[in-house]
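Given only the sequences and the hints, what does the whole structure look like? Please build it.
These protein sequences, in sequence, are chains H and F. Heads up: the first sequence begins at 5 in this note's numbering, then just goes up one per residue. Heads up: the second sequence begins at 5 in this note's numbering, then just goes up one per residue.
Please keep in mind that the hints were generated in silico from the structure rather than gathered at the bench. One or more of the hints may lead you astray.
For chains that are exact copies, the list does not tell them apart, and a pair is met inside one copy or across any two.
What the hints assert, rightly or not - Distance condition first, Cα-Cα at most 20 Å in a straight line; then the derived DMTMM-like pairs of lysine to aspartate or glutamate:
#: 1; residue 1: K233; residue 2: D78
#: 2; residue 1: K99; residue 2: E246
#: 3; residue 1: K209; residue 2: E29
#: 4; residue 1: K99; residue 2: D239
#: 5; residue 1: K99; residue 2: E138
#: 6; residue 1: K99; residue 2: E45
#: 7; residue 1: K233; residue 2: D55
#: 8; residue 1: K99; residue 2: E119
Here the structure is a predicted model, which means the values were calculated and not measured.
Residue-level listing of the chains:
2 protein chains.
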Amino acid sequence: MDVSPSYLSLLLIRKWESVFSLSEEETQAIRDLPVHTMVFESNQDIVRIGDCPLHSFLVLKGFASSYKLTTVGDRQIMALHIPGDIPDLQNLYLKRIDCSIVSITPCTIGFFQLEDLRHICERFPRISAAFWRETLVDASILREWVVNIGRRDAYTRIAHLLCEFLVRLQAVGLVENGTFHFPITQANLADATGISAVHMSRALKALRENGLIQTSRMHLAVPDLERLKEAGEFDPHYLHLEENAAAGFFSAAGSKATTVIDDCRANAFRG
Amino acid sequence: MDVSPSYLSLLLIRKWESVFSLSEEETQAIRDLPVHTMVFESNQDIVRIGDCPLHSFLVLKGFASSYKLTTVGDRQIMALHIPGDIPDLQNLYLKRIDCSIVSITPCTIGFFQLEDLRHICERFPRISAAFWRETLVDASILREWVVNIGRRDAYTRIAHLLCEFLVRLQAVGLVENGTFHFPITQANLADATGISAVHMSRALKALRENGLIQTSRMHLAVPDLERLKEAGEFDPHYLHLEENAAAGFFSAAGSKATTVIDDCRANAFRG
DNA sequence: CGATTACTTGAATTCACTCAATGGCGGTGG
DNA sequence: CCACCGCCATTGAGTGAATTCAAGTAATCG
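Next comes the structure, spelled out in structure tokens:
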């Protein structure tokens, strides 16, 4: 599949209009953002810790993760990125990249210049706020991860992570009947939850035996989301979805707001 | 001690000028931000999870922490806040507060209206960027916390936390000869590192016996920071300090940049 | 001075880890 | 088409780090 640059902007616009209704001029500015598409294999570093960033990128297809290595060589994943995410948006105003980002499945990535983005943010406060908000939601997810890893046992922790993943995928239309494409190894899940790969296998088995999940090679099914939420102590508030009322941040909002381009949604991510 | 509103703005200005050099107009806008000062006892909630925020606040004196409770009642602290921090800046563009913030020592707090802040950010892109950057650094710290809690053992984890605390305090001039005011209970430290209070006691003892730290009731001394850094696998890059070069984000920077008001620094926080 | 809170220490337990071996699946190449 | 290799997942056994429970000490405060 090929992905046109203009399609990229649709993704961004769609994502935000639930929160900020953008004017014609604003959406046009986003459309004009030059984007360069690239495809990655699994397990390829997209950006590396310590580098000085000139670009940022949007995930169009596939999953990626942010991670760091300890001096002992252990790996910790601190974020999972799904289509529609801008995993390294934080680099917009940070000089050095503080964590590496790697594709965990084959990925289609849209790169753009940070400088271009900074210019847009300077000119359009509302777009700036929309991007800013993205990074704030990411931080909120990180806070929940700290709680999850710090205070919940492996079983609960994994249930929580899977709930989060499902709900986020749902928000971009990648879940059907509680089932979604899930080509993520147990080793990756272990690195994301701070447990060992062996224990991950055992805990997943327990979740399976309790009927909370069904796993196949490439897919994961959640027959009863409510039960999984309960098992994972999952409360979706921290994801800050469905906050359309937040549009009120700019009460005297600009000119004519664009209507959503809805049909870009469903077909978008599915391969 | 009393803290004048104008003093608050000095704090902010000082903090940022190392990264963004602000124009007269911009510093004035910050000075004009109406601020309301308030004093809190230890262990008082300053903001509560679930509320809809209208204000944000700056820590002027004392320490605070962001936390959440699990359904079992366990507590996890996901951020420690020191003077100069704006702990809930994330609420600027999030509708609901996703974690509570509590004073862990007596605190002097400066409140301001989020609406006022949004207006400033709309008018001054560089101020917006400066605030934004604050939230990005907070997120970077959260990522490191995920690594710390997820992949390091208790001993290393605590050493790391103490290093971070020391380095951050150093940046606002609150450390003398490796010694700083540290009226934080072991229970709080335990909640911040995701271990039990009992184990915290044991691990601190080990750190003491290895000569890495000296504890007294209200103070903590680090005789050899390099050794503690090594023990904690601590690399300060993630704090994104000393990035003055980042001023280059706005190459065609505005009018005449203000000079630092240096003397506001040392006397500021000390009680 | 008694009450409360913070810290320490010991003992037993448990959750999760490491090490190690095995089984399954998918791709590759003879 | 089958044999082989590599990756991933599983399972068992033994270990270990951190937990809970419990008791006791030290410091602080009204």
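Checked hints:
Taking CA atoms no more than 20 Å apart as the test, K233 paired with D78 passes between copies only; the shortest distance there is 18 Å, against 29 Å inside one copy. Within a single copy, K99 and E246 get their C-alpha atoms only as close as 33 Å, which misses the 20 Å cut-off; across copies the closest is 10 Å, which meets it. Taking the closest pair of Cα atoms, K209 and E29 never come within 20 Å of each other, the shortest separation being 52 Å inside a single copy and 62 Å across copies. For the homomeric pair K99 and D239, the shortest alpha-carbon distance between copies (16 Å) is at most 20 Å, but the shortest distance inside one copy (34 Å) is not.
Taking the closest pair of Cα atoms, K99 and E138 come within 20 Å of each other both inside a single copy (19 Å) and across two copies (13 Å). Taking CA atoms no more than 20 Å apart as the test, K99 paired with E45 passes in neither setting, with 27 Å inside one copy and 38 Å between copies. Within a single copy, K233 and D55 get their C-alpha atoms no closer than 38 Å, and across copies no closer than 22 Å, so neither meets the 20 Å cut-off. In this homomeric assembly, K99 and E119 come within 20 Å of each other (Cα to Cα) only inside a single copy, at 13 Å, whereas the closest approach across copies is 29 Å.
Against the hints set out earlier in the document, violations occur for numbers 3, 6, 7.
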